[in-house]
Amino acid sequence: MVRFTYTNRYPRDANSTVRYKVLEVIDLTLCRGARPVLSGLHFAVAPGRCLQVLGANGSGKTTLLRALCGLLEIDGGAFRWKGGPVEPRSPEFQKELVYLGHDPPLKGDLSVAENLRFAAVMRGIPRLRRGEAVSAALREADASRFADRLARSLSAGQRRRVALALLCLAPAPIWLLDEPVTHLDTTGLALVTRLIEGHLQRSGLVIAATHQDLGLPSQARDELVLSRRAA
Amino acid sequence: MSAWAGVLWRDLRLAFRRPGQVVHPLAFFAVVALLFTLGYTPELGKLRQIAPGVLWVGALLASQLSLDGLFREDAEDGTLEQMVLSGQPVAALVLGKTAAHWVITGLPLTLMAPVVGFALGVPVAAMPGILCALALGTVSLSLIGAMGASLTLGVRRGGVLLSLLTLPLAVPVLIFGARATELAIAGEGLTGVLYLLGSLAVLALTLAPLAAAAAVRIGLE
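Line by line, the protein sequences are chains A and B. Each residue of the first sequence is one higher than the last, beginning at 16 in our numbering. Each residue of the second sequence is one higher than the last, beginning at 401 in our numbering.
Mixed in with the good hints, there may be bad ones.
Said to hold, decoys possible - Quick list of simulated restraints, FRET-style, between CB atoms: (1) B:L465 - A:Y35: 51 to 59 angstroms; (2) B:I618 - A:A235: 33 to 41 angstroms; (3) A:T44 - B:S402: 31 to 39 angstroms.
What the hints contain is simulated information worked out from the structure, not anything from laboratory work. Since we're looking at a predicted model, the values are computed, not measured. From the three backbone atoms N, C-alpha and C, an ideal C-beta is built for every residue, glycine too.
Chain A extracted, bound-state conformation (with noise of 0.2 angstroms):
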């Protein structure tokens, strides 16, 4: 049995979400193999609001993120976009979106800029505009200073700011973040708190997997709190 707290913000009112680039989750239903890890799970996200997912360890919140952007296949719900159902395998629907796992995705035998460069060509940004975005994304995570260097040769909370700087890198209005500030130091997590902030003021919205405190003003946060009870 899987018990969810969900403290909702933002108002249930049917016609606002066609306006506004909400995303919504109907009914989710999540398996590991036979064990279901979630089941029955509601929730939405309005632009400009940061839901912060919380619950204990093995509670499925990195399951949750994984399911949200298409890794891993749905047992049962739906998810709507913008009012309208979403199949989150589609190109269209990952281009909104942007996930950062536990680890940050680098490829250690490649420089910094690099990989970026790499994460633009993936992300479609056309060749003239490339070097202009990576170099601008590295100065907003503030990794400027080791755009050149291996990225093996990176201490882990520096690679966590080359993570930081690949959801700068393209304009995506969701982004899914799993424990983006682990291995962080003090300015690391303003820096994170600054980022996700600006975020929520160009009205994207961002589902957090975290337990430590984002700094982010109460009135543009929720909770959803993921809890296991023995059956």
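Fit chain B to the known structure of chain A by using the hints.
Chain B only, in chain A's frame:
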């Protein structure tokens, strides 16, 4: 730059940073072929008879060496996930990685074949035919290998399983490839066999990226 070309360039750049990836299969190929000359007979006349089999089995096994890491390395550092999530067709990404695998192993093996063939007593006149046959055959081998590598993505230590999956599928390539080499050594026309090898390559090129893309999706779950 399209997605598959982007992946191809990235993988080539990575191979350039770690030249072992290129050198090891080549050294393996050379050693296997030379072991035959030591273990069987030093007589060139007899070696020439087994040269087709030695060349093709050697190339087949050598091209298997780097397959295990084809998708696994990217899956472990999380870059495969990001590629799949970029909204680009997964089959195109798979094709890019497979093309890189061919450039890193198939092409060097093909170019190395005349040297190894020379040690096995293959006449120089047969070299162009052998080069053509290997160039076509290794394309199929890389594509079949990509299929196996994607299927074993979720399996820990999938190396042996990978060989068990791909080697039977590579049998037609081996048969036609060895036949083409035999004909080339005998100085007979080998156009027909080359056509067959080419059609195998086209068949693999059409189906393997789609199959591997589906398997990569499952492997990432």
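Against the structure, the hints come out as follows:
Separation of B:L465 from A:Y35 is about 53 angstroms and conforms to the stated range, judged on CB atoms against 51 to 59 angstroms. The hinted window of 33 to 41 angstroms between B:I618 and A:A235 holds, with their beta carbons roughly 37 angstroms apart. Between A:T44 and B:S402 the beta carbon distance is about 37 angstroms. The supplied range of 31 to 39 angstroms therefore holds.
Figure legend: structure checked against the earlier numbered hints; every hint is met.
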